[in-house]
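Novice: Here is what each chain is made of, one letter per residue.
Protein chains: 2
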Amino acid sequence: MSVRIGKQTVKLENAPVITETASIVGVKEGKGPLKDTFDRILTDDTLGEKSWEKSESALQRQTALLALEKARLKQSDINYILAGDLLNQCVGAHYSVRDLDIPFLGLYGACSTMTESMSVGGMMVDGGYADYAMCLTSSHFCSSERQFRNPLEYGGQRTPSAQWTVTGAGCAVLSSKGSGPRITYVTTGKVIDKGVTDISNMGAAMAPAAIDTLIAHFRDTGARPDDYDMIATGDLGIIGSDILEELMLDEGFDIRENHRDCGKMIYEIEEQDVHAGGSGCGCCGSVFCGYIYRELKRHNLKKVLLMATGALMNPMVVEQGESIPAIAHAIVIEN
Amino acid sequence: MSVRIGKQTVKLENAPVITETASIVGVKEGKGPLKDTFDRILTDDTLGEKSWEKSESALQRQTALLALEKARLKQSDINYILAGDLLNQCVGAHYSVRDLDIPFLGLYGACSTMTESMSVGGMMVDGGYADYAMCLTSSHFCSSERQFRNPLEYGGQRTPSAQWTVTGAGCAVLSSKGSGPRITYVTTGKVIDKGVTDISNMGAAMAPAAIDTLIAHFRDTGARPDDYDMIATGDLGIIGSDILEELMLDEGFDIRENHRDCGKMIYEIEEQDVHAGGSGCGCCGSVFCGYIYRELKRHNLKKVLLMATGALMNPMVVEQGESIPAIAHAIVIEN
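Same order as they appear, the protein sequences are chains X and F.
The numbers in numbering that gives the first Met the number 0 rise by one with no breaks, and the one at position 229 of the first sequence is 228.
The numbers in numbering that gives the first Met the number 0 rise by one with no breaks, and the one at position 114 of the second sequence is 113.
Hints were generated in silico from the structure; no laboratory data involved.
Quantities reported herein were computed from a predicted structural model and do not represent experimental measurements.
We put the beta carbon where it would ideally sit given N, CA and C, even for glycine.
Be aware that one or more of the hints could be misleading.
[What the hints assert, rightly or not] If you anchor each label on the Cβ, the simulated ranges turn out as follows: (1) F:Asp-241 with X:Gly-154: 36 to 42 Å; (2) F:Gly-154 with X:Arg-148: 29 to 35 Å; (3) X:Thr-45 with F:Pro-150: 50 to 56 Å; (4) F:Asp-241 with X:Thr-45: 39 to 45 Å; (5) F:Asp-43 with X:Pro-150: 51 to 57 Å; (6) F:Arg-71 with X:Asp-100: 41 to 47 Å; (7) F:Arg-218 with X:Lys-73: 16 to 22 Å; (8) F:Arg-297 with X:Arg-71: 37 to 43 Å.
[Stated by the list, open to error] Computed list of chain F residues with no C-beta within reach of chain X, every gap over 10 Å: (9) Pro-32; (10) Lys-34; (11) Lys-49; (12) Lys-73; (13) Ile-101; (14) Pro-150; (15) Glu-152; (16) Thr-196; (17) Asp-197; (18) Asp-241; (19) Ile-242; (20) Ile-268; (21) Met-312.
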């Protein structure tokens, strides 16, 4: 059952339980500050595969299977798997799920995919369309560099505003029953394009979408920033986070106290030389399914607003002179 | 409210109404047998844009706006727009909706996107999460050729099994109220990969997914082929349709009488020199939103199973030696 609240938000009255999560990250992410919160850290980012695309699929598949194992569920228990990634035609997801015997819905929201899948999956469980739904996403530094920028072998220099695509995957299992952190609200974003054209500054391109969705969420629900223990954005990084905090202040919402960004949390920014911070679907995916979910389970966090943001361009259309549209989807998770 | 029926199907008890549709197609499609059923036929497939990607976005945007106009609805009436296309990072959809003031959910199901969006949108309207949802998709021959095969200027020869990507878009507006054809069942497909590696034979790659979903639908609902006036597949073309009909017969289901394929219907196959028939998200999109919807409204069709199929590879992974996974999503539409 649902209640529509305002223009962009629904309240999930049955409030699906996030019954289990799994997170697997790469070598570099396994040396960052959140290293103890991931389920598994790769020792080899190739995963023994012969191409980076195959490595990413293997990473995503391992994460899905680990989530099933941790949740003590069989594939046949799951009604839907909702997945996506950054690769052309979402091949990370398609080749990862083809060995799974689970009905599949493919999503593309760029780096917003984790909360897009939890939004749609949350509604499907809440509405009784599914007893269990799996929400899955990944990114891989090496497949993303080749596809969006340059092959690694080219040795291109990174600008100071560039973000480092997280090698990682996250999978959340939603359930209509049981206890645990629950998804209580879903605020769906609009596509926002403020004219940013710098493909090496995703934070600036995505921040306006984050602002738009966050204001919509506060407007629709009447909540205030301090109603949340944490307002976690997906991968705005240093530049995008600064823009978000400053412009939200102009709008009358001071989120500086409890705003955290997964892209800033996952690395030691300077020591690990990641410039503006982490990015990629797997950034929000692995940090939510690792650190944030653990803190919710331990009751160190009681109410979290999770909002992943995605930049929706591809390199070709930017070369054609287009600016970069972006989107942000927010969900509320409560204990 | 929903009732789960079997492993892959839900019955939509509130049965969302397809309150209006819009379809726009290209010059070639406007010379085919269905030319009188489309809302608008382009006189220039560029739509006055400077790149094929921008042309496709413009096509999709025009179709969405036309659907709103025909339905006498404002953008602010629509709770969600669910859209996708074949382009890398779904830029057809993202650049088409950025000027719309409507919450957006991006989907990727390759050529299955029309029924994927109607499945998810249908559940969201059925469950009360939306009063109105728009389901939108497109494809464009010229952007697809460049991206998946060769730029047009290369003049590559097409194999006999190749299909012709439809230049076209379809938009269906789902509503919780009113009268008209309704979505009553949703059967969600699994990713199926039977090892086909020929990128010029999408029909053969997609047919096994169509078979899998169709059998699941009959198994879950207890329906038989002759319960439907039409079993419409999206774009299996000549080769895929033959495989589907033959292998379904082996499974004990004779669909030969009432199976139609949008990819076969949209062109005069031989005269228009399209080899194995039409394909692309816009094939099922424009044929459903044009011809099939018109026949439902005129009560010439009473009960239709609509099942779009998608091939989920990209050219790079096929070059890496991968086979082609595929998926099919089915919905039942009843008067």
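Novice: State for each hint whether it applies.
Specialist: Status of the hints after comparison with the structure:
1. F:Asp-241 with X:Gly-154: 36 to 42 Å: violated (51 Å)
2. F:Gly-154 with X:Arg-148: 29 to 35 Å: Given about 31 Å between the Cβ atoms, the range holds.
3. X:Thr-45 with F:Pro-150: 50 to 56 Å: violated (32 Å)
4. F:Asp-241 with X:Thr-45: 39 to 45 Å: holds (41 Å)
5. F:Asp-43 with X:Pro-150: 51 to 57 Å: Violated - the Cβ-Cβ distance for F:Asp-43 and X:Pro-150, about 38 Å, lies outside 51 to 57 Å.
6. F:Arg-71 with X:Asp-100: 41 to 47 Å: Holds, at about 44 Å.
7. F:Arg-218 with X:Lys-73: 16 to 22 Å: holds (19 Å)
8. F:Arg-297 with X:Arg-71: 37 to 43 Å: violated (53 Å)
9. Pro-32: Per Cβ check, F:Pro-32 is outside 10 Å of chain X; nearest 30 Å; holds.
10. Lys-34: The claim holds: F:Lys-34 sits with its nearest Cβ about 31 Å from chain X, beyond 10 Å.
11. Lys-49: The claim breaks: F:Lys-49 does not keep its Cβ more than 10 Å from every Cβ of chain X (closest is about 7 Å).
12. Lys-73: holds (12 Å)
13. Ile-101: Non-interface label fails for F:Ile-101: nearest chain X Cβ at 7 Å, not farther than 10 Å.
14. Pro-150: holds (12 Å)
15. Glu-152: Given that every Cβ of chain X is farther than 10 Å from that of F:Glu-152, nearest at about 16 Å, it holds.
16. Thr-196: Given that every Cβ of chain X is farther than 10 Å from that of F:Thr-196, nearest at about 14 Å, it holds.
17. Asp-197: holds (17 Å)
18. Asp-241: F:Asp-241 clear of chain X: closest Cβ-Cβ about 24 Å, beyond 10 Å.
19. Ile-242: Given a closest Cβ separation of 19 Å, the condition holds.
20. Ile-268: Holds: least Cβ distance 27 Å, greater than 10 Å.
21. Met-312: F:Met-312 not clear of chain X: closest Cβ-Cβ about 7 Å, inside 10 Å.
When held up to the earlier numbered hints, the structure conflicts with 1, 3, 5, 8, 11, 13, 21 and fits the remainder.
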